[in-house]
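Number of protein chains: 2
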Amino acid sequence: MLQKTSFLFALYFVVSATVCRSENGYELWLRYHLIAEEKWRDTYRQQIKAIWMEGQSPTLLAAATEIQKGLNGLLGISVPRASQALPQKGLIVCGKISSPAVQNYLPNADRLRTGAEGYVIQTVRQGKNTVIVIAAQQDVGVLYGVFHLLRLIQTRQSLHNLSIAESPKIQLRMLNHWDNLDRTVERGYAGFSLWNWHKLPNYIDQRYIDYARANASIGINATVLTNVNANAHILTDDYLRKVEALANAFRPYGIKVFLTARFSAPIELDKLPTADPLDPQVQQWWNRKVKEIYQRIPDFGGFLVKANSEGQPGPQNYGRSHKEGANMLANALQPFGGTVIWRAFVYDNNVPEDRAKQAYSEFKPLDGTFHNNVFVQVKNGPIDFQPREPFHPLFGAMPQTPLMMEFQITQEYLGYSTHLVYLSTLFKEVLDADTQTTGKNATVARVVDGTLNNHSRTGMAGVANIGNDINWCGHPFAQANWYAFGRLAWNHALTSEEIAEEWIRMTFSNQPDVIEPVKKMMMASHEITVNYMTPLGLHHIMGWSHHHGPAPWIKDKHRADWTSVYYHKADSAGIGFDRTLTGSKAVAQYAPPVAETFSSLEKCPEALLLWFHHVSWKHRMKSGRTLWAELCHRYYQGVDSVQWLQQTWQQVKGKVDEERFAQVSMLLKQQYEEATIWRDACVLYFQTFSKQPIPAELPIPAHPLGHYMNLTYPYAPGIKWDW
Amino acid sequence: MLQKTSFLFALYFVVSATVCRSENGYELWLRYHLIAEEKWRDTYRQQIKAIWMEGQSPTLLAAATEIQKGLNGLLGISVPRASQALPQKGLIVCGKISSPAVQNYLPNADRLRTGAEGYVIQTVRQGKNTVIVIAAQQDVGVLYGVFHLLRLIQTRQSLHNLSIAESPKIQLRMLNHWDNLDRTVERGYAGFSLWNWHKLPNYIDQRYIDYARANASIGINATVLTNVNANAHILTDDYLRKVEALANAFRPYGIKVFLTARFSAPIELDKLPTADPLDPQVQQWWNRKVKEIYQRIPDFGGFLVKANSEGQPGPQNYGRSHKEGANMLANALQPFGGTVIWRAFVYDNNVPEDRAKQAYSEFKPLDGTFHNNVFVQVKNGPIDFQPREPFHPLFGAMPQTPLMMEFQITQEYLGYSTHLVYLSTLFKEVLDADTQTTGKNATVARVVDGTLNNHSRTGMAGVANIGNDINWCGHPFAQANWYAFGRLAWNHALTSEEIAEEWIRMTFSNQPDVIEPVKKMMMASHEITVNYMTPLGLHHIMGWSHHHGPAPWIKDKHRADWTSVYYHKADSAGIGFDRTLTGSKAVAQYAPPVAETFSSLEKCPEALLLWFHHVSWKHRMKSGRTLWAELCHRYYQGVDSVQWLQQTWQQVKGKVDEERFAQVSMLLKQQYEEATIWRDACVLYFQTFSKQPIPAELPIPAHPLGHYMNLTYPYAPGIKWDW
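In the order they appear, the protein sequences are chains A and B.
Going letter by letter, the first sequence gives residues 485 to 1207 in my numbering.
Going letter by letter, the second sequence gives residues 485 to 1207 in my numbering.
Please note that a few of the clues may not be correct.
Copies of the same chain look alike in the list, so a pair counts if it works inside one copy or between any two.
Restricting the straight-line Cα-Cα distance to at most 20 Å, the calculated cross-link-like pairs of lysine to any residue (SDA-like) are [stated by the list, open to error]:
#: 1; residue 1: K1153; residue 2: N732
#: 2; residue 1: K1204; residue 2: L665
#: 3; residue 1: K755; residue 2: P1198
#: 4; residue 1: K1069; residue 2: Q920
#: 5; residue 1: K1087; residue 2: R1104
#: 6; residue 1: K848; residue 2: D760
#: 7; residue 1: K580; residue 2: R1104
#: 8; residue 1: K775; residue 2: W1133
#: 9; residue 1: K1153; residue 2: P685
Rather than coming from a laboratory, the hints here were simulated on the basis of the structure.
Next comes chain A alone, as it looks inside the complex (with noise of 0.2 Å):
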């Protein structure tokens, strides 16, 4: 009889496969479709029988319903419950270390190194019969373990002798939402936020589930629901009923709800007279409010705060610190066990210094006066998210505070979700950089993971690229990056290839022959992109406000560092920003042996050559061209290397599906024109200032340069339009 089911599932998603099986992206990685590889199906058939889950939370009740659902669509055939957790072939038993079907198969599981939220996955034999366990201190842990699992079965890895054993780097992996109450997302590329907020609390969209679902698969367990830059009206008792609607939505699969807090809301929402940390009202308020949250929500996170940087309300607005803000909030939290993550975006409206080097001066002398609930999160580099920057010199520079990384998964200055570029490349360039505060491997991922300063708090966050589109990120490639974020933020030592490769194999095919184009296009892409926008270390060069396109020529702005002149420095000399000693002296802010390197012309990788120096036009290259002519080179590549990905991608086609396929191929035409686009423009301009010719080698762009600058965008996305 399960034979002839086996036979009649195994069927019906063979046909599927072929007919009809849209594939629109809405699936992301947890496709599970039918494994097409008979060798492979039958293999895992054999070693899968039936599913035992001990327990009955609603944990470990979507770990049942994940693991079925998995199954049966990868092996084709309906693997049933047990009835009772004995010994049978192919048994897989999924439970809390410390419950009685788990301790039977593995009576040490109690010494296993699982952690909190790790898991164990362990191949046991009792007598003639093999039996998978799946076992975890807690029922999250089991969750993970079940989507490893079923991750090993979609990309067709071996469940022979099993023995794996996983635990989080990071304690708090979390996704920042950008997104507005009224569903419009800063920076956001892929639609309009999921939250609907009209229609909560009672309308629990199948996306929530779903979301969550996804962040739980690769191990995200915290999400900001709302824009850093805050809207007050998130903390009135209206919004918190639909905010503890979604908690409740996520809370099964380990993920836990933060806010972001404006920090007048006393103000607006009460009238209160001031927002002063130090004043008794604004405390008790507060105190308040955090009480109110957790009525609601026992398992409230706690807040995201971005205070007193691009006009947000802050406690410098009243003379005190960010320490005084930030202990404020960390003491109404503290009785919860909540958080404060402060934010040290922070740069001077009056424009003092060279903006590189502001949240350091701002930050690093408050090393060790924030409460022990309060996180500084640190973006990856001192501008902001630009294609490429060095590491954050707060990194390692503030021992006694637990540093959180922020990353930006959302492209706001690569392409928005036109353009096709693997971020993970850029994520462990910035993880595995070297700080030296501490001598040698100080590497930023250590000063993350607390391994380097040993804090047992660490955490990860990963500004969302997810929107209400249908495929969730606007572009299939990424979706990419929202896997590898929560990937690396889970293990950082993972390297880019091998989570690309895990992510194509759930993705789009295990065959090699879609594999090894796709993984070659994906690890190139990051330096493609940045060679046609910002090759060499220049940066901030983007068009006005949007971000789309490039605008090297603006200038005369009410502030100089959002003109793009501030940054690229271009003169008839040379271009480039002297961040040296004889310049704005922000190496200084690095370790002595960084210091040193990026100080140097002949040290300092070529990569970020123009963020540290102004360099003459005529200085000579590593590849013996001048800097002029490396410069051109450089936006040249990386337009021909677009054409490189429309040309690999075409080897794909009739191996992935046809919507998926024309989605990509229509993106990366796309993406050449924008691609041409910058060059063409960033080229001509800095022409003016070379007074060179494009090299000989290379065809003169198609317009001359006032044709570039007259391009405009209206209504680009990520951008309320009636700001």
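Use these hints to put chain B onto chain A, whose structure you have.
Only chain B this time, still in chain A's reference frame:
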């Protein structure tokens, strides 16, 4: 071999239907799921064996793709394309009447009166073979015929001896999208605009195709892409390239693209000193612009214009009339066959008289003065898409001008996409209303379909309720309103019951125990909503600006006719707007017999009583109750009926898919809560005038009036919150 394939497919669909068919509503009424009833499946399989599509045009290719997709899905067998058009058992022959294949089967087809867009579906016997012929004058008629055949199967109609001839009663069957270029949708409650302007023209979202399919399936043949509160940017070349891409995507499905024309565009785009329609420069500007559009879009439909209304610019800014404005644009469009649709929704900023009278006062004198490529588009009622209005007095009053009907499909005043309100009964109530302008049976439908005044150019527009929500319309039942609009625009003689049943069968189930209760819900739903919102002819008492929830207390705003008290005029004596000859005299805009009915306190339908009369609280109603008691009873009955909707929906549990069952259940809960707020707020508010108790048999509201007056809905969808 065919048998075997058939078995496999059947199996696939049976399994799929029970195992994993996701029902997120994306498929709309074009679900094409395997026929569950064996009898029907077998019968149809006997009758359909192969398809012959004569011709290769994009429209015929779309028709071929659709019929194959539909039949494969419904029948669960792969219905092949025939290799030749010769008779064979179960052949479906599709093509133009003029094609050899069709001529072979229907030699007299030329004489069939299908009209330009109509079609025939005819069973033809040749020898022992029975063939079904779908034939039309034009390709699009073949496509419509294909959708009709699929609908017959989707709704389990017999295919025996088919002899169908269909042609639309109305020529221009049009959606009006109030979509802004930043993708917000004015009065949109289903997410944001489908049109992803940023990724156009290169990226053709699959939704554009599926949108066109859905429209074609119900005969909608025109779409206005942009908001009537218009943005001139859509007329720039950058945007016209994007519009062109959409027009190309829609063209195979017989859908023409229209745009809204901002009257001041010549000033805004090209710095002309004026937009005076009599200025030769302005005329030349529009002539050039129109030529530019037609170079990109040879079948461009024309312009929809909202002028001199609610702040929009128009000819009156220059002392010119609507006629002069419309005719200027008509002149520009005329050489290319384009059309101007000029909205009659105008009312003076200075509120000189009853707003209900103003469109008539302004437009009736212009009858006969518009060029012959101008439509005047008139909303169904004289105010603004209220839950119930009398028909607009312009219908029948401008015999020399083709009047387009403007219905609102999006539920601006009818509970957004949260309330289950089937609008077909509202549409029909208006269409069936007898204007009596030329004696009896001068129905609004006959004004609109041109038969009353012998107009060959006819049109019906519906303000779309479509957004980028996965299920398109936000509420599963809101899809029925898109569907019903299209069906009525094609054939207004269809009954609301017929349309509801078709839709339920295609969308949910062909089982009577689903059809019957759901049809009852739909048929009752509009009256239910009128009862808990605006019974007995009340109108315009909703929330300020966002129009969500009750606010009969609104007064003292900068213009009287944007308040609620202006419309309900409640005082200690009674309630209602006297529009009889003792009042605003609006009744005089109707034909004498209609005016007489509306003017008479006795004859006026109670459903419109307070629209036309200021009535004493003590007035004795047909029920025997006083007006006050009747008003209370209507409000309470409305809310009680929502509970009935909830209970009735429970009857289909397990008979429809889980996901949509849950969605509707959650939304009905929200509807109940909001209906209760409407009831309590209105009853308590009007009680302050009637000074009478709520009838003893009715429960007392849960809160005092102040509670309801303090409710706010920040960030309610459908308006830009930064305005």
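- Task: Since the copies are identical, ignore which copy is meant and state whether K580 and R1104 lie within 20 Å (CA to CA) inside a copy, between copies, both or neither.
- Result: neither (62 Å within a copy, 71 Å between copies)
- Message: With identical chains, the pair K1204 and L665 could be close in the same copy or across copies; at 20 Å between alpha carbons, which is it: within, between, both, or neither?
- Response: Both: 12 Å inside a copy, 12 Å across copies.
- Query: For K1153 vs P685, is the C-alpha pair at or below 20 Å within one copy, between two copies, both, or neither?
  - Reply: between (41 Å within a copy, 11 Å between copies)
- Message: I want to check one pair: K775 and W1133. Are their C-alpha atoms no more than 20 Å apart within a copy, between two copies, both, or neither?
- Response: Cα proximity of K775 and W1133: none, with 54 Å in one copy and 39 Å across.
- Between K1087 and R1104, at a C-alpha cutoff of 20 Å, which is it: within one copy, between copies, both, or neither? within (13 Å within a copy, 96 Å between copies)
- Intra/inter-copy verdict for K1153 and N732 if alpha-carbon distance must be at most 20 Å: Answer is between; shortest inter-copy Cα gap is 18 Å, intra-copy 42 Å.
- Query: Between copies, within a copy, both or neither: which fits K755 and P1198 at Cα up to 20 Å?
  - Reply: between (37 Å within a copy, 18 Å between copies)
- Message: Within, between, both or neither: how does the pair K848, D760 come out at a Cα-Cα threshold of 20 Å?
- Response: neither (23 Å within a copy, 63 Å between copies)
- Query: Quick one: K1069 to Q920, C-alpha cut-off 20 Å, is that within a copy, between copies, both, or neither?
  - Reply: within (18 Å within a copy, 86 Å between copies)
This entry does not satisfy hints 6, 7 and 8, going by the numbered hints stated previously.
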